[in-house]
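Engineer: Spelled out, the chains give:
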Amino acid sequence: AQSVTQPDIHITVSEGASLELRCNYSYGATPYLFWYVQSPGQGLQLLLKYFSGDTLVQGIKGFEAEFKRSQSSFNLRKPSVHWSDAAEYFCAVGPQSWGKLQFGAGTQVVVTP
Amino acid sequence: NAGVTQTPKFQVLKTGQSMTLQCAQDMNHEYMSWYRQDPGMGLRLIHYSVGAGITDQGEVPNGYNVSRSTTEDFPLRLLSAAPSQTSVYFCASRPQWGDTEAFFGQGTRLTVV
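Protein chains in written order, with our numbering: chain A, 1 to 113; chain B, 1001 to 1113.
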């Protein structure tokens, strides 16, 4: 069965510290991989995506993610968080032809001064 | 470009009432889908469509109907609303070909009392 797991429901990080959000997936083939961010009361904003090629992908707002096929992971990182990074983050996977995006349950990030 | 437009943004229904959530896209995308977002569960696929006249069920289709008479529009119908359908609903679209992500609307927050 296909699944996406975000092991951390909630993460608290100090402003200026580094951030890593974990995403593990179970999928029959190499999927498309995405990270979305959602600020309170807002829609989904795409942070970055992986389709093929270089396994380290750069996104917006200083985020990056690394696809590790052997670990079925697509972890999101940011070297130095800003207060504006407080939001909920979703990992999503989907087939290389359109189908159904599978989302993780989300990780809520709180940034403290 | 307007992208993906959802209406209304907010709605309160009484149990048993019916309503239609509207979704329109102006990007000529073949694929459209509806998700619901509930706390701690991420986004779950309700229904999707791969083109005009073609729809299929997602993970949580019960209580919802869809149709796709045009490429642009993909309405979601609740025939008899239940409190369990209180959620935030997102519509998304994506072209059939190419390495590209899904584009999401801003969401409809529905409360059933």
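Each hint should be verified, as a subset may be incorrect.
To be verified - No more than 30 Å apart at the CA atoms, straight line, and that leaves these computed lysine-lysine pairs for DSS-like:
no. : chain 1 : residue 1 : chain 2 : residue 2
1   : A       : Lys-100   : A       : Lys-61
2   : B       : Lys-1009  : A       : Lys-49
3   : B       : Lys-1009  : A       : Lys-61
4   : A       : Lys-100   : B       : Lys-1009
Rather than coming from a laboratory, the hints here were simulated on the basis of the structure.
Engineer: Would you pick out the hints that fail for this structure and give their numbers low to high?
Structural biologist: none
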